[in-house]
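Protein chains in written order, with our numbering: chain A, 519 to 1062; chain B, 9 to 538.
None of these hints come from the bench; they were simulated from the model. Model, not experiment: these values are computed from the prediction. Mixed in with the good hints, there may be bad ones.
Below are the DSS-like pairs computed for lysine-lysine, each with C-alpha atoms no more than 25 Å apart in a straight line [as the list claims (entries may be wrong)]: (1) B:Lys483 x B:Lys173; (2) A:Lys969 x B:Lys183; (3) A:Lys874 x A:Lys748; (4) A:Lys648 x B:Lys183.
Which bits of chain B does chain A cover? Going by a derived footprint, with three or more residues having C-beta under 8 Å, they are [unchecked claim]: (5) 101-113; (6) 123-134; (7) 211-220; (8) 352-366.
From the derived model, a few chain A residues whose C-beta atoms are all more than 12 Å from chain B [to be verified]: (9) Leu557; (10) Thr568; (11) Met612; (12) Leu680; (13) Gln714; (14) Asn732.
Note that CB positions come from ideal geometry on N, CA and C, so glycine has one too.
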Amino acid sequence: MTSSSVLDVAIVGGGVSGVYSGWRLLTDGIAEADSLRALAAQKGGKLDITVFEGSHRIGGRLLSVTPPGMPHIRCELGGMRFTSAQTLVYSLVMNKMQLATHDFPVSEPENIAYVRGKHLRTQELNDSSKIPYNVLWSEKDRDPSTLVAYAVNQIIPGYTNLSRQQARQVLRETVFEGRPLYQWGFWNLLLKVLGQEAFSLAEQASGYNLLLNNWNAADAIPFNLDDFGKQIQYYAVSDGYETVPLTLAEWFEEAGGAIRFGQWLQSFDTTQLPDGTQGVSLKFRDDEGREATILARHLILAMPRHSIERLDQTGVVLDKQNHHVHYLLGAVKPIPMFKIFMCYPYPWWEAVGVTKGQSVTDMPIRQSYYWGVEGRQPGADRNNTNAVLMATYDDGNNVDFWAGLRTNPQAKALFEPLVNRFVDPEALPYPEWRTYRAPRAMVQEIHRQLKVMHGLPYAPEPYDAAYRDWADEPFGGAINLWNIHYKSWEVIPAITQPEASAPVYICGEAYSDEQGWVEGALSTAEIMLSQHFGLPQPDWLSDT
Amino acid sequence: MDSQVLLDVAIIGAGVSGLYAGWRLLQDPPSKLSSSTPKGLPPNIQVFEMSQRIGGRLLSVVPPGMPHVVCELGGMRYISTQTLVRGLVEDVLKLNTHPFPVAESNNLAYLRGKRLRLQELSDPNKVPYVLDYPERDVPVSSLISYAINQLIPGFSSLTPYQMRKTLQNFVFDGKPFYKQGFWNVLLRVLSDEAFSYTRDAGGYESVVHNFNAVDMTLLNLADFTGDVTFHGVTDGFESVPLALSERFLQLGGQLHMGHRLQCMKATTLEDQSQGVALHFEGRESPVYARHVILAMPRRSLELIDPSSVGLSLPRTKSLIQSVQGFPFFKMFLCYPTPWWNTLGIQQGQSVTDLPLRQCYYWGVEGQQWGADPKNTNAALLASYDDGNNVDFWAGLQEDPTEPRFLTRNNPHAQDTSLPDWDNYSAPAGMVDELHRQLQAMHGVRYVPEPYAAAYMDWAIDPYGGAVNFWQRGAKSWEVIPAITKPASDLPVYICGSAYSNHQGWVEGALETAEYMLEHHFGLSKPSWAD
């Protein structure tokens, strides 16, 4: 093997953090990082960087699909939005890529909270005489979205007035009842200061079960409150969030990078390269079961915890005896989340006065987003009334409810699309959408719960549906959350190179302080690029 | 142990099913075993236990300062309809038993911030759940029965056998019932509020864990047909496996503690017959046996080397995976007085939607037979919870550096250190939080501090859960007989409550052991089992 067949960097994982790292290394890295420039100089100014992806698509947990009969709408089966406070992703999308975006509505006063068998409008939730929760006197008439802030301000007076940086420092230092905050489970902590009923209200009206996941309080507090009381805007990428990794992949290839699909990493270890320096040897298996060994000077694992744990736990980094690495890997826990989109011939929910944003319930569907109506999109056929609903978006224990209605995807119990006058049966069979077909029983049950939630005896049948459960392999969860007893601020920098003797790096959303967000993927990639490859901050970064 | 010795039967696991199987085989040696034994001698049967104690998930401890009270950190009762355990306890072992009170009309249901006496739950206008019109007249304990009767009219008047047969063949909404999740099914016939009410007032989360609808229906309804009573064993439920082990030893059996099975290999014995070589952790020479009984739940089976003979076939693996271990958590608190008496509560269960979920007023020392009547110390099964709530308590127990709650001085506790009790000592933060929730639940301003605490979370290895439940899609009625001898040509057997019709009950452990003994060792049904 000649030294030219040694990759300079092998990146495993074609999600955001993987293609982003590849692009940054090949462009700003060669231009501005001394070690990379020197390495490239020996080979005519180029670096050999390849991204290896197990599946046949780029994007990881960003997955945008176009529903049949609604050519101007993109449904996000994965990540769906970013905020104006998320500097990296905001600058990348707005300044560098200049992608078309639109506002992403969430809380609308007229939307529904159907909890404990009672229909309320979101704006009524701060009226204790109307809500079916027996909250304490001190908790009365508080909007449920402020209850967590109210609770945390009791533990850390003035917390919500702190700047982001001050807040991070305070969270590391705060000791509550003799224990530092990172030793507290968030659920345990909240029940110290909130009544059980206020806690149930906060959890049920949020649409998420995350509060019940008893995760690290020092991370859960900023996760819930970083944006509290600030003028934060939510945005979505109009052509689909997937456009971000696709664009990065395109730029990466234009800069000379290569992408190989269908390559599943099996194992890796450090090795001596033909030129005598230390590198990494990687064993891949492709879809046909053929194995291949690749040599690289550096290896970036751009994947979450579960994907890393699927690899052979051998080699100097992942060997089971390497307790330090396994301690770091064990710092987070994958959380299942589940999304389903359902297409209807018209937006029947508008009959009860809801048009956009989120409605919530304590039924297993937990939350719905009124996603869009085709005829109202720019450039669309005005007569096309087709409308799509993100019918359920839920996490934690509720995923088990829907798991009971999942069937073998090969079975004919999948939902059969109905005829719709705006879906041309001769046209494309919507291969992307159809990859994520939902079981019939699941669609029927969600449809039933939607009617109950909206208090409507009648709603037209859905004509199509698509869903994704991110607990499926190889992800193991939609997002990851910090376990109790870990100091995330120490694990985050440490895990970017978990074993000092090996040129192996880890990045991605899982081990970040913006878990579940693209911002987390980019921020850990940035820490890795700066600490281990010497890259400066990107020049398109603006302070939002 | 002499490596030359060949056992007729090696039993792994000294819980109820293992000791029961050993005792039955020695008491009534089947011809299958005695053929290889010299005349007049019992077959050579030995039990191997990984830990240093007998009893498995039956664990009875005496709290400090209450020598006449026994706290059950594991299984705690049986039902009058469970014929095997009842016959064994009452007719064979002749142990003292007592009625085990559960629902007492004066006890509390603290739900959604509202305190109700259990007798008030029958008044739909007082209940803080918005029930549908027909649900309003159904007692909360009957809502599951009401739901199933809508799907199968007349279901609750069937015999348990008829119930089983009916459910096995039942198709709901075009899909066999055993392929459906219990949560999925209940939400089709109950309102969301009635469902929440059932879960909250029932005290258990397992209904929302969507296990096999056939078996969850039976678990909720089959044992409760007719007039049903609950019973506790007065000296502790652990005295059942202890009595079985005594009888087993008297009949010539042997018991080895601290033996952790690592691997089993097929071997040809000296007489050319087929046998199994058992390799135990830290021991050089294997133990040879003609038959091996694995008396353990799923997680324990999975801790054995998966390439072991008898476990390595894909079919065996899928049988083993047909159930799922489920966490349960129990904690006892000891108080200097039964402070709950001021609320008019004496015994039985109270429920809440707080993470403690349910408590049992366990007992007052001075009221026990033979006890000092002036000793007012009282024990509370302060939390008994499962599923997601276990995660709440896990947040208060994970850190090994967390200080433990040490037994405090109490006028009646001469010795504040009881090794059996202290083995299960709880973190101080957990005790504080539980005490706080008990106070909130009972709505009393002053409660004396607890002086002692013990807890057990059965999700730890090697148990992997307090109980096991059937997964969706499993036909339990096919798995139960099949797994007792998973490979027809290998002398390896599996028994225990995990793969039974009474998961989580001693009855299940005995039922599967009995099936194995009758079908694979030729024993006949014992006379006391009817």
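Results of checking the hints against the structure:
no. : hint                : result
1   : B:Lys483 x B:Lys173 : holds, 12 Å
2   : A:Lys969 x B:Lys183 : holds, 23 Å
3   : A:Lys874 x A:Lys748 : holds, 22 Å
4   : A:Lys648 x B:Lys183 : violated, 41 Å
5   : 101-113             : violated (count 0)
6   : 123-134             : violated (count 0)
7   : 211-220             : holds (count 3)
8   : 352-366             : holds (count 3)
9   : Leu557              : holds, 45 Å
10  : Thr568              : holds, 36 Å
11  : Met612              : holds, 39 Å
12  : Leu680              : holds, 25 Å
13  : Gln714              : violated, 5 Å
14  : Asn732              : violated, 4 Å
Hint compliance for this structure: hints 4, 5, 6, 13, 14 are broken, all remaining hints hold.
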